[in-house]
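Chemist: Chains as they are written, first to last, in the working numbering: chain A, 1 to 189; chain B, 1 to 191.
Worth flagging that the hints you see were computed from the coordinates, not collected in a lab. It cannot be assumed that every hint is accurate.
What the hints assert, rightly or not - Here are the simulated SDA-like pairs of lysine to any residue, each with C-alpha atoms no more than 25 Å apart in a straight line:
1) A:K142 to B:L18
2) A:K142 to B:T149
3) B:K114 to A:M54
4) B:K37 to B:R47
5) A:K101 to B:I182
6) B:K114 to A:V108
7) A:K100 to B:I79
8) A:K110 to B:E49
9) A:K110 to B:Q58
10) B:K143 to A:I185
11) A:K36 to B:K77
12) A:K100 to A:L128
13) A:K103 to B:K143
14) B:K114 to A:A147
15) A:K142 to B:F160
16) A:K100 to B:I50
17) A:K6 to B:I177
18) A:K142 to B:Q35
19) A:K101 to B:I161
20) A:K36 to B:V113
21) B:K114 to A:L128
22) B:K141 to A:L115
23) B:K80 to A:L98
24) A:K103 to B:Q35
25) B:K114 to A:K168
26) A:K100 to B:E180
27) A:K110 to B:R47
28) A:K110 to B:S134
29) B:K77 to A:K168
30) A:K103 to B:I182
31) A:K101 to B:I177
32) A:K110 to B:Y104
33) A:K168 to B:Y104
Below are the chains, spelled out letter by letter.
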Amino acid sequence: MSFLLKMFFSFFQIGLFSFGGGYAAIPIIQSLIIDKLNWLDISEFLNLITIAGMTPGPIVINAATFVGIRLNGFLGAIVCTLGSVAPSLIIVLLLSYLYKKYKNITIVQKLLGRLRPVIVSMILSAGLGILVMTVFNSESYKMIDFANVRIVELLLFAISLYLLRKYKINPLLIIFGSGIIGTLIYLIG
Amino acid sequence: MKKNDLEFYWKLFSSMFLISMSTFGGGFVIITLMQKKYCDDLHWINRDEILNLTAIAQTAPGSLAVNASILLGYQLKGIKGALVAALATIIPPLLIISIIAMFYNAFIENRIVKIALQVMRSGVAAVIFDAVISLMKDVLKTKDILNITVMIIAFVASYFINVDTIVIISVCLALAIAIELISQKQSEKTI
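Assemble the whole structure, with the sequences as input and the hints as a guide.
Modeler: Here you go:
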């Protein structure tokens, strides 16, 4: 029971601190679930982010379900997922009440505006870690060993980023495209 | 519960379920889909309400999809509506990822799956960097020295000094509240 509670409140924290939605959850999952609690290893974490990018639904829910099921089966998945959305339910309803009462939530929006630079940095930090581990095939966020550089991954990253910036291609296509092209290169090469 | 109520909840649940099924990777798509369904098709809510709802959903922590669905449900039928809409949003990813997680160990041993997941990380990293670049441009555009300084310090603290993400966000949230309170007091004085 106490372990289920721990699972619930770990994902409660993730839900509570992922301001700015979507990618904002990645750095918090990384620091709490991977680094602190060791509930997933690095390779599982990277696979999880990849799977989350290809399936419907928010990353937080995908992560909560994936971690929950590995820790405690389907019950674990439900507990973690409910934990991750509980803060949303409370805060969103509170904000909506304040909005109805005062007809504006500018103070809260101003606070979020002040928080935005920090959130950007956190996502950048997590993204850089993911990139380093992908391109240098390392098991740590910062281990850069040029002897281990994977040219295929580096090129796929550069081309993908270029296509995303320049032509605003659908991210789903980018992920599947890099998967198909990369796999073919490795199988043939 | 009246028959009409049941019909309403079922319609809310099934439509939200379908919307959630079709928002790959999450994000802003859900607002567009909700607008199409609940403004244009069902006329349950008007465009202004969707805009307000989006503003609140973006301000609260958590995913935009879940926040927006909670607000929509609440607007239509109070707490019960909020719970029904939230469940309908959560269940599709919960089921899909559960199935993937159950077969994960068998999947991951396959050589081709292993290679595919490894190379796809490049695409995922690119998608994350694309988002970060856009967000960063927005921050730089404000030309606010405080914002830019905070951005650099937070990055160094996180990536190079390994300060806990939750600690960084909490400290910055506390600072932001302090700044807002001081600036409000000052504006009260000038009045």
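Chemist: All the hints need checking, so say for each whether the structure fits it.
Modeler: Going through the hints against the structure:
Between the alpha carbons of K142 (chain A) and L18 (chain B) the distance comes to roughly 40 Å, so the proposed pair goes past 25 Å and is violated. For the suggested pair K142 (chain A) and T149 (chain B), the alpha carbons sit about 23 Å apart, so the restraint of at most 25 Å is met. Restraint check for K114 (chain B) and M54 (chain A): satisfied, since their Cα atoms lie roughly 16 Å apart, inside the 25 Å limit. Using a Cα cut-off of 25 Å, the hinted pair K37 (chain B) and R47 (chain B) holds, with the two alpha carbons roughly 12 Å apart.
For the given pair, K101 (chain A) sits about 24 Å from I182 (chain B) by alpha-carbon distance, which is consistent with the 25 Å threshold. At most 25 Å may separate the alpha-carbon atoms for a hinted pair to count; K114 (chain B) and V108 (chain A) exceed this at roughly 44 Å. Taken as a hint, the K100 (chain A) and I79 (chain B) pair is honoured in the structure, with Cα atoms around 15 Å apart against an allowance of 25 Å. Straight-line distance between C-alpha atoms of K110 (chain A) and E49 (chain B) comes to about 21 Å, which keeps the hinted pair within the 25 Å bound.
Of the pairs offered as hints, the one joining K110 (chain A) and Q58 (chain B) holds, with about 12 Å between alpha carbons and a cut-off of 25 Å not exceeded. About 44 Å separates the Cα atoms of K143 (chain B) and I185 (chain A), which puts this hinted pair outside 25 Å; it is violated. With a C-alpha separation of about 40 Å, the suggested pairing of K36 (chain A) with K77 (chain B) is violated against the 25 Å cut-off. For the hint linking K100 (chain A) to L128 (chain A), the alpha-carbon distance of about 41 Å lies beyond 25 Å, and the restraint is violated.
With a C-alpha separation of about 29 Å, the suggested pairing of K103 (chain A) with K143 (chain B) is violated against the 25 Å cut-off. Restraint check for K114 (chain B) and A147 (chain A): satisfied, since their Cα atoms lie roughly 22 Å apart, inside the 25 Å limit. As the CA atoms of K142 (chain A) and F160 (chain B) are separated by approximately 9 Å, the hinted pair is consistent with the 25 Å bound. The suggested pairing of K100 (chain A) with I50 (chain B) holds, with an alpha-carbon distance near 14 Å, which does not exceed 25 Å.
Of the pairs offered as hints, the one joining K6 (chain A) and I177 (chain B) is violated, with about 29 Å between alpha carbons and a cut-off of 25 Å exceeded. Note on K142 (chain A) and Q35 (chain B): the hinted pairing is violated, with a Cα-Cα distance of about 43 Å set against a maximum of 25 Å. As the CA atoms of K101 (chain A) and I161 (chain B) are separated by approximately 43 Å, the hinted pair breaks the 25 Å bound. The hinted pair formed by K36 (chain A) and V113 (chain B) fails the criterion: a straight-line CA distance of about 28 Å is larger than 25 Å.
A threshold of 25 Å between alpha carbons decides the hint, and for K114 (chain B) with L128 (chain A) the separation of about 22 Å falls inside it, so the pair holds. Distance check on the hinted pair: K141 (chain B) and L115 (chain A) sit about 15 Å apart at the alpha-carbon level, within 25 Å; holds. Proposed proximity of K80 (chain B) and L98 (chain A) is supported: the alpha carbons are some 19 Å apart, at most 25 Å. Of the pairs offered as hints, the one joining K103 (chain A) and Q35 (chain B) holds, with about 22 Å between alpha carbons and a cut-off of 25 Å not exceeded.
Between the alpha carbons of K114 (chain B) and K168 (chain A) the distance comes to roughly 28 Å, so the proposed pair goes past 25 Å and is violated. Distance restraint check for K100 (chain A) and E180 (chain B): the Cα-Cα separation of roughly 22 Å lies within the 25 Å cut-off, and the hinted pair is therefore satisfied. Taking the CA atoms of K110 (chain A) and R47 (chain B), the gap is near 24 Å; set against the 25 Å cutoff, the hint holds. For the hint pairing K110 (chain A) with S134 (chain B), the CA-to-CA distance comes to about 20 Å; that is within 25 Å, so the pair holds.
Taken as a hint, the K77 (chain B) and K168 (chain A) pair is broken in the structure, with Cα atoms around 38 Å apart against an allowance of 25 Å. Our distance criterion of 25 Å between C-alpha atoms is met by K103 (chain A) and I182 (chain B), whose separation comes to about 23 Å. For the proposed pair K101 (chain A) and I177 (chain B), the alpha carbon gap of about 21 Å is at most 25 Å, so the pair holds. Distance restraint check for K110 (chain A) and Y104 (chain B): the Cα-Cα separation of roughly 42 Å exceeds the 25 Å cut-off, and the hinted pair is therefore not satisfied.
Between K168 (chain A) and Y104 (chain B), the direct Cα distance comes to roughly 32 Å. Violation of the 25 Å bound is thereby established for this hinted pair.
Violation of the numbered hints given earlier is confined to hints 1, 6, 10, 11, 12, 13, 17, 18, 19, 20, 25, 29, 32 and 33; the remaining hints are satisfied by the structure.
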